[in-house]
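Novice: All chains, please: the whole structure from these sequences, using the hints.
Going line by line, the protein sequences match chains V and F.
The opening residue of the first sequence carries number 19 in the working numbering; numbering runs sequentially from there.
The opening residue of the second sequence carries number 435 in the working numbering; numbering runs sequentially from there.
No wet-lab data here; the hints were simulated from the structure.
Check the hints yourself; a few may be wrong.
A short, non-exhaustive set of chain V residues, derived as facing chain F with CB atoms under 7 Å [what the hints assert, rightly or not]:
id	residue
1	P61
2	F63
3	F84
4	P114
5	V118
6	T121
7	G125
8	P126
Derived list of chain F stretches under chain V, where covered just means 3 residues or more per stretch with a C-beta under 8 Å from a C-beta of chain V [claimed, not checked]:
id	segment
9	453 to 460
10	533 to 545
If you're wondering where the values come from, they're calculated on a predicted model, not measured in any experiment.
For glycine and all other residues, C-beta sits at the position ideal for the given N, C-alpha and C.
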Amino acid sequence: GAGVSQTPSNKVTEKGKYVELRCDPISGHTALYWYRQSLGQGPEFLIYFQGTGAADDSGLPNDRFFAVRPEGSVSTLKIQRTERGDSAVYLCASSPGLAVQETQYFGPGTRLLVL
Amino acid sequence: AQSVTQLDSHVSVSEGTPVLLRCNYSSSYSPSLFWYVQHPNKGLQLLLKYTSAATLVKGINGFEAEFKKSETSFHLTKPSAHMSDAAEYFCVVSLFGNEKLTFGTGTRLTIIP
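Specialist: Spelled out as structure tokens, the structure:
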């Protein structure tokens, strides 16, 4: 079946602009996660949702970052007043639930470049 | 807090020889541990995971890892490397099952023909 999809695959923006990154999880998966991967680093946790609510947003770097999942399926990561340091690959993952035996399935990522 | 340390940023092996990628973890509680692989321009894929059952965990593509609590290690091994194994490998820890994952900095595996 279809995996996790993310759009756009690439996004180039100017410093100070607003961007939205979209994640379509695997159908039926209740948990959804956002990570950020900077060049040469491992992914870093940003936020995860169980259903519609953000269960843990402790990884969001500051209040310029916000994520929503209004209907418990698609999620949007929103970045206001982008800075060059926001340039990274933003990864989305989903899983059937939070049980330890569940697996997080990752999307291909959105590569964000802030000029 | 939990963390993982991948001891080698880059490992090169000849095709057909064994692979060893090293990982040490730090966790206040009994963690869940994972290895993920990332091929160029492809998404992260789960290789295997340890969740407090058997300490020797077998994964896909012939990989396996052994959880050693006394050494706080979770090294990834494969008896015979294949060219298709060339990729970036991440050791990952989770404190509470399938909640947020904490990734290591990665080990780039190069296979020499």
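Novice: Which of the stated hints cannot be reconciled with the structure, identified by number in ascending sequence?
Specialist: Failing hints, ascending: 3, 4, 9.
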